[in-house]
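2 protein chains.
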Amino acid sequence: METIAILVTNDDGIYAPGILHLREAVEGLGDISVVAPITEKSAVGHAITVSDPLRVVEVERNGGFFGYGVNGTPADCVKIAARCIMDKRPDIVVSGINMGSNTATNVIYSGTVSAAAEGTIMYIPSIAVSLTSYTRPEFSFARKIARHLVNQVLKHGLPKDTLLNVNVPPIREEECKGIVVTKQGKARYEEQFDMRTDPHNRTYYWLTGKKMTLDSAEDVDDVAIAQNKVSITPIQYDLTDYAFLKELSTWNLKP
Amino acid sequence: METIAILVTNDDGIYAPGILHLREAVEGLGDISVVAPITEKSAVGHAITVSDPLRVVEVERNGGFFGYGVNGTPADCVKIAARCIMDKRPDIVVSGINMGSNTATNVIYSGTVSAAAEGTIMYIPSIAVSLTSYTRPEFSFARKIARHLVNQVLKHGLPKDTLLNVNVPPIREEECKGIVVTKQGKARYEEQFDMRTDPHNRTYYWLTGKKMTLDSAEDVDDVAIAQNKVSITPIQYDLTDYAFLKELSTWNLKP
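Quick note, the sequences are listed as chains U and B, same order.
Residues 1 to 255 in this note's numbering are what the first sequence spells out, letter by letter.
Residues 1 to 255 in this note's numbering are what the second sequence spells out, letter by letter.
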């Protein structure tokens with residue numbers, strides 16, 4: 001049987017704690033390549049680098065892994081890993097383990113999810129894994145979930161345009177109230193800009209904001225997490241608003 | 001009647017030709033603010049800037065417009081325009097006119113569309129307009145379409161989670177074979193990396209690729225454009241793969 005090729009990536013960067021946990025979580029499941037941004041690339045959305053050349057550096061993390069750092073986005077990493085770095089095309093892409101949730105409207109800003117999306121665009125089954133806390137680095141349960149889901153995806157496959165977006169609360173396994181299939185929620189951030197003046201008397205702005213919870217349905221990502229459940233959302237990228245097609249066709253579209 | 005507030009933005013940057021055409025296209029329809037990236041931000045996906053402060057500079061384009069340049073992404077521009085720059089929240093966001101199509105899988109990489117998406121996230125009706133050519137700057141028909149659709153959206157409104165993604169071929173009005181409501185296609189790029197060696201003997205990579213046309217259905221974005229039609233796709237950001245929810249629930253999800 002041919003060895004499974006596993007690509008591990010993230011958006012927090014190749015030196016982040018989460019990618020080391022993820023690399024260890026999939027140990028023994030196949031040939032593992034780690035290719036990730038050399039620096040943190042959060043909130044980059046589904047960016048790719050077209051105006052600058054990409055460079056790849058070898059990275060050895062002490063007591064950790066050997067991998068490749070790329071001066072690009074998570075999506076760049078998946079492209080260049082599959083086409084230039086790995087000996088064969090990956091059989092699965094796993095992205096994470098992100099510190100902080102990737103749920104609701106935030107899914108579209110997420111570098112973690114965009115790496116998995118890039119895998120899906122290349123028809124490679126892909127999983128994004130996030131720990132829903134910035135401050136409680138309780139990775140052990142998320143590691144176990146990640147490993148199990150890699151095995152499940154290798155067993156079942158995924159629809160060719162679909163990835164799994166997995167969010168794990170920062171809890172111990174025995175505190176978990178369930179592992180549930182969810183829908184992407186609609187919660188948004190209430191944003192503000194913090195306006196400041198620099199030492200040279202010029203204005204600058206920091207984006208800040210807090211999440212508003214708009215969802216109440218049980219089967220929605222953020223709601224599941226709030227209940228100490230693991231949330232697994234199948235995600236696809238046909239953005240067509242099918243429900244509105246017909247009404248839009250009735251408009252006077254001709255100028 | 002209160003004046004309509006119109007936000008004009010783009011991803012090619014505030015000095016690009018397309019945004020000047022778009023600004024002129026909506027002349028007289030309301031109070032127009034132009035807020036756009038100070039430099040080109042193509043293929044940035046739905047990125048936002050959280051690790052760096054944003055700065056805003058006043059820009060006056062000779063014979064053109066007065067506007068604001070932002071050292072951020074198109075999504076940043078919409079956020080900061082609505083929250084810090086404009087006197088009132090915009091009634092409509094118009095993004096473009098992009099040089100190059102934003103169709104099929106490319107929609108998820110598109111800065112032009114991400115600006116409109118940011119408007120939608122703020123519940124502001126939004127339109128992304130692209131001219132489907134890099135080399136034929138035939139803006140006059142695209143301008144007419146943009147102005148007409150701004151009027152139509154102001155008249156009808158849009159569903160609160162939906163934007164219009166408009167792609168106009170580089171043709172004269174009399175060559176147009178129709179203005180059609182379409183679905184997002186599935187065409188992908190066949191990518192390659194061009195590997196080179198710099199003068200210091202280090203390797204670097206350029207991303208290159210050509211679009212493969214996978215779609216044949218008449219009602220798909222790229223197919224409409226190839227037929228010299230204007231393509232209007234309603235886009236929304238609930239990425240849940242509803243068709244796969246049930247099957248996924250039958251998996252053994254518990255490790």
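Certain hints may be false.
Intra- or inter-copy, both count: the list cannot distinguish identical chains.
[As the list claims (entries may be wrong)] In silico DSBU-like pairs for lysine-lysine, Cα to Cα no more than 35 Å straight-line: (1) K88 with K177; (2) K155 with K210; (3) K177 with K246; (4) K186 with K160; (5) K254 with K186; (6) K211 with K177; (7) K246 with K144; (8) K211 with K254; (9) K160 with K88; (10) K254 with K88; (11) K88 with K144; (12) K155 with K144.
Rather than coming from a laboratory, the hints here were simulated on the basis of the structure.
Hint check:
Taking CA atoms no more than 35 Å apart as the test, K88 paired with K177 passes in neither setting, with 39 Å inside one copy and 45 Å between copies. In this assembly of identical chains, K155 and K210 lie within 35 Å of each other by CA distance solely across copies; the values are 33 Å between and 39 Å within a copy. In the homo-oligomer, the alpha carbons of K177 and K246 lie at most 35 Å apart only across protomers (20 Å), although the nearest pairing inside one protomer, at 42 Å, exceeds that limit. Within a single copy, K186 and K160 get their C-alpha atoms as close as 25 Å, and across copies as close as 12 Å, so both meet the 35 Å cut-off.
Within a single copy, K254 and K186 get their C-alpha atoms as close as 33 Å, and across copies as close as 26 Å, so both meet the 35 Å cut-off. For the identical chains of this complex, K211 and K177 are intra-copy neighbours only, at 23 Å inside a copy versus 46 Å across copies, given an alpha-carbon limit of 35 Å. Taking the shortest Cα distances, K246 and K144 sit within 35 Å of each other only across copies (23 Å), while inside one copy they are farther apart (45 Å). Only between protomers do K211 and K254 lie at most 35 Å apart by alpha-carbon distance; the minimum there is 29 Å, versus 40 Å within a single protomer.
With identical chains, the CA atoms of K160 and K88 are at most 35 Å apart within one copy only, with a shortest distance of 19 Å there and 44 Å across copies. Within a single copy, K254 and K88 get their C-alpha atoms only as close as 50 Å, which misses the 35 Å cut-off; across copies the closest is 30 Å, which meets it. Proximity of K88 to K144 under the C-alpha cut-off of 35 Å is restricted to the intra-copy arrangement: shortest distance 26 Å within a copy versus 49 Å between copies. For the homomeric pair K155 and K144, the shortest alpha-carbon distance inside one copy (17 Å) is at most 35 Å, but the shortest distance between copies (53 Å) is not.
Checked against the numbered hints listed earlier, the structure breaks hint 1 alone; every other hint is satisfied.
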